[in-house]
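Chemist: Protein chains in written order, with our numbering: chain U, 1 to 213; chain Y, 1 to 213; chain P, 1 to 213.
FYI, nobody ran anything at the bench for these hints, they're computed from the structure.
A few of these clues could be false.
With a straight-line cut-off of 25 angstroms between C-alpha atoms, the simulated DSS-like cross-links for lysine-lysine are [said to hold, decoys possible]:
hint : chain 1 : residue 1 : chain 2 : residue 2
1    : U       : K108      : P       : K185
2    : U       : K183      : P       : K183
3    : P       : K102      : U       : K176
4    : Y       : K183      : U       : K176
5    : Y       : K102      : U       : K176
6    : P       : K142      : P       : K152
7    : U       : K46       : U       : K142
8    : P       : K138      : P       : K13
9    : P       : K185      : Y       : K185
10   : U       : K211      : U       : K142
11   : Y       : K102      : U       : K183
12   : P       : K183      : U       : K108
13   : Y       : K102      : Y       : K13
14   : U       : K108      : Y       : K108
15   : P       : K142      : P       : K185
16   : P       : K108      : Y       : K118
17   : Y       : K21       : Y       : K108
18   : P       : K138      : P       : K46
19   : Y       : K108      : U       : K185
20   : U       : K183      : U       : K102
21   : Y       : K183      : P       : K211
22   : P       : K183      : Y       : K185
23   : U       : K118      : U       : K176
In silico negatives: residues of chain P with every beta carbon more than 10 angstroms from chain Y [claimed, not checked]:
hint : residue
24   : A24
25   : K46
26   : S71
27   : D79
28   : K141
Where chain U lies over chain Y, by a calculated footprint (3+ residues, C-beta under 8 angstroms) [unchecked claim]:
hint : segment
29   : 66 to 79
30   : 89 to 96
31   : 106 to 120
Backbone N, C-alpha and C define an ideal beta-carbon position, used for all residues, glycine too.
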Amino acid sequence: MANFLSFLIPQDKKFFRLFEKASANLLATSRALVEMVNTASADKRKELIREIEHLEHIGDNLTHETLNELSTNFITPFDREDIHAMVASLDDVVDFIHGAAKRIDLYKLTEIPPSMCKLADLVLQGAQELHAAVSNLKDIKKPELIREACVKINSIENHADDIFDMAIAQLFDEEKDAIMLIKTKEVLSALETATDKCEDAANAISSMIVKYS
Amino acid sequence: MANFLSFLIPQDKKFFRLFEKASANLLATSRALVEMVNTASADKRKELIREIEHLEHIGDNLTHETLNELSTNFITPFDREDIHAMVASLDDVVDFIHGAAKRIDLYKLTEIPPSMCKLADLVLQGAQELHAAVSNLKDIKKPELIREACVKINSIENHADDIFDMAIAQLFDEEKDAIMLIKTKEVLSALETATDKCEDAANAISSMIVKYS
Amino acid sequence: MANFLSFLIPQDKKFFRLFEKASANLLATSRALVEMVNTASADKRKELIREIEHLEHIGDNLTHETLNELSTNFITPFDREDIHAMVASLDDVVDFIHGAAKRIDLYKLTEIPPSMCKLADLVLQGAQELHAAVSNLKDIKKPELIREACVKINSIENHADDIFDMAIAQLFDEEKDAIMLIKTKEVLSALETATDKCEDAANAISSMIVKYS
Chain U
1 MANFLSFLIP QDKKFFRLFE KASANLLATS RALVEMVNTA SADKRKELIR EIEHLEHIGD
61 NLTHETLNEL STNFITPFDR EDIHAMVASL DDVVDFIHGA AKRIDLYKLT EIPPSMCKLA
121 DLVLQGAQEL HAAVSNLKDI KKPELIREAC VKINSIENHA DDIFDMAIAQ LFDEEKDAIM
181 LIKTKEVLSA LETATDKCED AANAISSMIV KYS
Chain Y
1 MANFLSFLIP QDKKFFRLFE KASANLLATS RALVEMVNTA SADKRKELIR EIEHLEHIGD
61 NLTHETLNEL STNFITPFDR EDIHAMVASL DDVVDFIHGA AKRIDLYKLT EIPPSMCKLA
121 DLVLQGAQEL HAAVSNLKDI KKPELIREAC VKINSIENHA DDIFDMAIAQ LFDEEKDAIM
181 LIKTKEVLSA LETATDKCED AANAISSMIV KYS
Chain P
1 MANFLSFLIP QDKKFFRLFE KASANLLATS RALVEMVNTA SADKRKELIR EIEHLEHIGD
61 NLTHETLNEL STNFITPFDR EDIHAMVASL DDVVDFIHGA AKRIDLYKLT EIPPSMCKLA
121 DLVLQGAQEL HAAVSNLKDI KKPELIREAC VKINSIENHA DDIFDMAIAQ LFDEEKDAIM
181 LIKTKEVLSA LETATDKCED AANAISSMIV KYS
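Chain U on its own, in the form it takes in the complex:
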C-alpha cells in the first residue's frame, strides 16, 4: 500500500504485529515442548516446563491485548469474529501444550513413550505452519502461501489423529497398570487436542481468505 494511504488503516500494523507475536510465541512454546519430551535430564525437563509456563503467560497477555484492540477499534483488518477465533485458537494451542507439560511434571512421568514424542513433533509442525500463515496475513491478496500452510495443518491434524488412535489402542492393549494408563492417556489427549486447536486456527484463517483475498 502506498505510504500516503497508510493513515487509513493505522491500526492494521498493530494487529499484524500482535498476530505475529502470538504465533511466534506458540512456535517458541512448541519448540520447548519438543525439547522437553526428548531430554533425558530431569533438571532440563523441569527448566523447560518452567519456560513453557512462562511462555503461556506471555501468550495470555498477547491474547488479552489483541482482544482489547478488537473491542476498542472500529476498523479491523479482517472480520472481528475470525480474528477472535484465530487468536483464541492460538491461545488454546499454547494452553494445551502447557497442559501436557504440566501433567508430565505433576504425574512424575519419567519414561516418555515414542507416541508422545511423535505427537509433540506434530504440534511443532503445526505451529510452524501456523506461524507461516499468520506472518503472511498482511499479504492476503496473494493467499497461496497461507492456503498452502492451512492445507498442511489439516493433514498434520489427520496424522496426529492416527498416531493418537494407535497409541491409545496400544496403551489399552499393553498397559496393565490403570493409574499409569490414565497418566499417559491424559498427556496424549492434551497433545492431540493441541493439534485440533491448530486446525481451528487454520479454519479461522481460511475464513479470512474466503472473505478478503
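Place chains Y and P on chain U using the hints.
Modeler: Frame of chain U, contents of chains Y and P only:
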C-alpha cells in the same frame, strides 16, 4: 412463496438444502450407530464403524460448505449466529457418535452393556427429531412442528442424562476392573454428550423461531 | 439517570434484574456446595445435592430468559456478545458446581478430602466477587468496584489452579486404588473448571468495562 418473487432470496434454497443434507447425514450416522451397538457380528461392527467414519467426513464437508456460504452471502435466511450454532452443533453430534464408535473399536469392547444401547437409541431419537425440525425450517412461519420437535429433543436429553447417571453409578458400583471401567465410561460419556449437542442444535433452532416466526 | 430519560432505555432494568438474579443464583448454588462438602451427615448431603439440582434448573431458566431478551431487543445495555459470554459463563459455573455435586453423589464419595473443601471455598469466593461485579454493572461509569472484583476473581482462579495441581500430584502419589483416584480426580476437575468459568465471566465483564466505562 410466489415464483415471481423467488429471485429475492435466491440463496435460501441453497441454505435449506445444505441444512437438510446435514440433518439427513446425522440421521444416517445415528442409524449406523444403533445398528453397530446391536450387532453380534464383529465383522459387521467393523464395517459399520467404517461407515460412520465415512459419514463423519461427509458431515465435515457439509459443515465447511455451509460456513463458506455463510461467509460469502450477505443475505441469509436466519441470523448468521443461529445458523452457525445450529450447523456446528449438528456437526458436533456426528463427531461424538463417531467418537463413541471409534472408542468401541480402539478399546476392543466386545460386550455392549444395555445402557449403551439405550443411549444410542436416544441419540437416534434426537437425530430423528432434529431432522424433522430442520426439514420444517423453510416453513418457519408455521413453527408448531419445529417447536414440538425441539421440546421432544429437550426431553430426550433429560432422559439420556438419567440413563447416563444410573449407568455410571452402576459402573462404579459393580465394575472392579479400572481399565474396563474407563473404557465403558468414555463410550457412555461420548453418547451422552451427543444428546447434549442435539439439545444445542435445538436451542439454536428455537432462537430462529423466536426471531423469525 | 434522570427519570424523564428512562424511557430511552426501557429494557435496561429488565436486563440488570436478570443479570443480578443469575449471579445471586450462582451465589446460592456455591453456598449449598460449600455446605455440602463440609457436612458430616449423609442425609444433609443428599438434601443439599437436591437443592443444587433445583438451583441449576432455576439458572437454566434465567439463562434462557436472558438470551430470549437478547434475541428480541434491538437495544441492549452492553454489547450482545459480551452479555452472551457473561450469561453463558455464569450458567457454566452453576453447571460445573452441579456436576461436582452429582459426582460426589453418584460415586458415593463419603470422605471429602481437604483439597475438595478448599476448591469449593474458592468457588464460593469467586461467586461472591462475581455477584458484586454484576450488581455494580448498572454503575459502569464508575467501574472501580467492578474492576476490583474482576482482579480478585483472576487471583482466585490462579489460587484454585495451584490447589488443584497440588491435589492431583498428591492423589497420583498416594492413591493406589485407581477407581477411587478417578472419582476424586473428576470431582476436583469439575470444581477447578468452575473457577475457570468464573474467570470467563469476569473476562466478559472486563470487556464491558473497556467499552462502556
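Chemist: Does the structure break any of the earlier hints, and which numbers would those be?
Modeler: 3, 7, 13, 14, 15, 17, 18, 21, 26 and 30
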